[in-house]
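If you read the sequences in order, they're chains A and B. Residue numbers for the first sequence follow numbering that gives the first Met the number 0, so the first one is 0 and each next one is one higher. Residue numbers for the second sequence follow numbering that gives the first Met the number 0, so the first one is 0 and each next one is one higher.
Keep in mind the hints are simulated off the structure, nothing from the lab. Glycine is no exception: its CB is placed at the ideal position from the N, C-alpha and C atoms. No false leads were slipped in.
Derived DMTMM-like pairs (lysine to aspartate or glutamate); straight-line CA-CA distance at most 25 Å:
| no. | chain 1 | residue 1 | chain 2 | residue 2 |
| --- | --- | --- | --- | --- |
| 1 | B | K107 | B | E28 |
| 2 | B | K23 | A | E211 |
| 3 | B | K102 | A | D139 |
| 4 | B | K87 | A | E32 |
Using C-beta positions, here's what the derived DEER-type ranges look like:
| no. | chain 1 | residue 1 | chain 2 | residue 2 | range |
| --- | --- | --- | --- | --- | --- |
| 5 | B | H120 | A | K200 | 39 to 45 Å |
| 6 | B | H120 | A | W75 | 43 to 49 Å |
| 7 | A | Y210 | B | T90 | 25 to 31 Å |
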Amino acid sequence: MDYCLDIISDEEKEILQEIMNIAFGKAAADLAEVINIFVVLSVPKIEILNSQDLPSYLKTEVSEYERVSIVEQNFWGDFKGSAFLVFQASAGRELVSLFGDNSDDFGSESIEALEKETLMEVGNILIGACVGKLSELLGDAVTYSPPRVVTENTHNDAIPANIFESGSSAIVLKTVFCFNERNVNGFLFLVTSNDSILWLKKSLVTFMEQYE
Amino acid sequence: MIKKILLVDDSPISRRIMKSCIPKDRDYELFEAGDGLAGFETYKEIRPDVTFMDLTMPIMDGSESTAKIREFNPEAVVIVCTADIQIKSITNVLELGAFMVMKKPPSKETVEDALLKAEEHIG
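Same shape as in the complex, but just chain B:
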């Protein structure tokens, strides 16, 4: 069951958009980080059930952060939400262990669908 969700994105607007798309009636506990490194540190600290991860970020990009999180916890569910929708970028993060990739901007439907899939996966 999903309780904690971590949002990793350097854009506060993008995090706000993502928060607005997450269903309000399920009492998820939301956490935020502004770059890939902070995302990895926050992940280790709070151990979220699901992490939404941007790719193009300063300090540490989302690909590296995803790899580090998956190295730390091979069961981690990282959903990449990105504007970089090149096939090579998507293939790369899936190979690094991302659970799935969503294109920006997200919608309530795509986020709900992703959370349902993650819920099924977590069991």
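Chain A extracted, bound-state conformation:
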């Protein structure tokens, strides 16, 4: 069914793409302030999908990773949805050292727990700053669930199958990034459902009105 392709116009997609670009740029700068890392950014993409196609879309997008680690966080406001920060499974190990000089700094915690906490922290900063800036630019404020880390799953299992009710549509904001010094790359997907679309369309108009 093609109806979802008309949910937002090409121009609205372009506005959303630019806002996502600004929001993820802010998130990358926030992360770079906390840990010594440089984030290589790319041009974000916006996709409109039927929600039933979302799990297979997300799996296809991350299929280059045999095993994945995903930080998942939900957000609520007028802008409501889920964020998925997807890394290859080895990313946690690569990133742990950014938070301390060596494993002795972390006391008795297991390396798996450290990797999970590191991913959670990185995810919390990137998702929080990106969604926060996006909401701010569109005149909203959101609250977040605590981040949840799913590690060491195959990509076939890692993405929840029923994010939104079937028959609804989903807007996916995707950005690809790379942590230069650590050979780590990943994807950030923000997925918002029907509930936010009317608000989103109005907010995009309001955003552009200041530039008329």
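The hints should help you fit chain B onto chain A, whose structure is shown.
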């Protein structure tokens, strides 16, 4: 005196935002390009007084385009307007010869201020 301004950004929305922030009462002649390579080619063709340059773009990014423009004309005034506000990105483009860096989204005030600074620099 600034007469010609080149806007280099892959996002048509971003170029529209930038155009709306440029003062209308000064009869600037505006030119546009959609990636860093097209920006460099357009620069050589029209020789703008000021170039507003995005960084994250397909085909050729804004850092490389800035470097090429400055290599072609060491006096070129390139104002980077970017969402990539990491210190390393800003330092890098300033080292490549960018005149200044503005963060996105621009406002009428930040663009006017940048043009005033560029005007003073050009003399």
